[in-house]
Amino acid sequence: MSSTMMKKHRYLANVVSLSLEAEKCVGCGTCTQVCPHEVFAMDGSKVRIADRDACMECGACALNCPVEALCVDAGVGCASAIIIGALLRKEPSCDCCCGDTGCD
Amino acid sequence: MNRRRTIGSAKPKDAAGLTESETRCCDGPISSNESNTCCTRPSWVTGYLQTAAGGVPSVTTRLRLRDHLGACVVRCGIRRMRYRVKPGLYAVGACGPESPVFVSANYKMSFDRLRSELGGIDAWVVVLDTRGVNVWCAAGKGTFGTDELVNSIEQTRLSEIVSHRNLIVPQLGATGVCGREVKLRTGFSVVFGPVRAEDIPRFIEAGMVSTPEMRRVRFALRDRLVLIPTELMIFGKFIVLIAAIHILVIRFGTGLFSADNPQSANVSAILLKYGLFLAALGITPALLPWLPGRSFALKGAWVGIALALALVGYELACPEPFDIWPTAIALLFLISAGVSFCAMLFTGASTYTSFSGVRREMRIAVPIQFAAAIFGVALLVAKNFLGT
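As you go down the protein sequences, you meet chains A and B in turn. Just so it is clear: in the first sequence, position 104 is 104 by this note's numbering, and no numbers are missing. Just so it is clear: in the second sequence, position 78 is 78 by this note's numbering, and no numbers are missing.
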């Protein structure tokens, strides 16, 4: 599948909670390895957020950053989970009908 | 039955615990039926490999018809949460102390994807107990997580079986697995492997390095199409229920809800509308990147509007279009609100929507969908009042 085809999937702009404290970054590149949407790019000895709107807030980068330079309000991008969470007054959690795509 | 006993007595403590009936992986009753792969020796286990930490089940890398059929059934939304393999350690090929260790989830489709790509590779597979959920979703919940991985390493006595201290964790597991913490607690270093199991041979060839392409999650047409049966099964149940109520009300209702005109009492016409509505719910994921707008609710609304217009066109083509306009406008509002709402729920199955994004989308879309649906129903009720 061509990468141009993938570029067609763009979700809402200027909404994600991802933030980077560049002064903390040690340039290990772990975030570039775990991010599924190429949000980060190495810029010399530090990382920068290259495509912020592509972030899906999975939280992999923040969990694996060795110096806590990354911060993201991780959660499931799932409307059913948000509805069920609101109805049950609980934290939205993916308990019903997860997609199986790409999940090996 | 006999076979199970033989295996059980020969290797009472195999690493995957396959013979321990009290810790069986399926929720159903223990059955002596061989087809119940959960509770007996699964068809894909070919034997047992002796290791320093006991017998480890060897698995074949070839998927058989039963594996493919099982995947199809699960894709249709049947027994999805029970499609599991026993958590524990498995052996692929002639693996030894030097062989690489892969980590997977105990959703059988995840495990099957992994083992089917390990042909010609000697490797160990640690299957975590994710309660039958795939790697990514389980990582989001934390069941495919640091604690579970650390426990599994201890329970399988992996450090006694392999001489190296490296684990290959699927990249999508990084949402739940903190590599540094695993290293601190077990001594094993985590290398995040490719997103898709099909890239594993190239990943190994490149010296355990993923290319940017291997790290990127896709959501191509094929990936979306396989999700449609599951979606239709979920929505189908509700739609069948609503259609049944609709038909009962039309048939046996009185006064306002009685069938005063032959058109509204036509059961096959009603069923056709519900059937088309369900079809629209299936079309939306397929057309996703080509539907205008970024919010899923908006994408769905376009499909709903197109369907409503098609239905109105069909009615107009009838020899005697009866009182079409109030109904047409009501249908337009009801159907587009319905398809829009269901499309919004597809955010959960998609691979690129964020929590903040879905929340923002819902804050705008849900009130509009609600208002449109109320308006549609009000129009139908008003039409029935005025029309009779």
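Each hint should be verified, as a subset may be incorrect.
Derived DSSO-like pairs: lysine-lysine, alpha-carbon spacing no greater than 27 Å straight-line [to be verified]:
hint	chain 1	residue 1	chain 2	residue 2
1	B	K273	B	K383
2	A	K90	B	K273
3	B	K183	A	K46
4	A	K24	B	K183
5	A	K90	B	K237
6	B	K141	B	K183
7	B	K237	B	K273
8	A	K46	A	K24
FYI, nobody ran anything at the bench for these hints, they're computed from the structure.
Does the structure keep K90(A) and K273(B) at a Cα separation of 27 Å or less?
Given pair K90(A), K273(B) is violated - Cα atoms ~36 Å apart, limit 27 Å.
Take the C-alpha atoms of K237(B) and K273(B), compute the straight-line distance between them, and say whether it is at most 27 Å.
Since the Cα atoms of K237(B) and K273(B) sit roughly 16 Å apart, the hinted pair holds (cutoff 27 Å).
With the threshold set at 27 Å, check whether the alpha-carbon distance from K24(A) to K183(B) stays at or below it.
holds (22 Å)
Is K141(B) within 27 Å of K183(B), Cα to Cα?
holds (21 Å)
Taking only the CA atoms, is the gap from K46(A) to K24(A) under or equal to 27 Å?
holds (9 Å)
Pair hint outcome, K183(B) versus K46(A) [Cα-Cα no greater than 27 Å]
holds (24 Å)
Does the alpha-carbon distance linking K90(A) and K237(B) stay inside the 27 Å limit?
holds (26 Å)
Given hint K383(B) paired with K273(B) - CA-CA distance at most 27 Å:
holds (19 Å)
Hint 2 alone, counting from the list given before, is not met by this structure.
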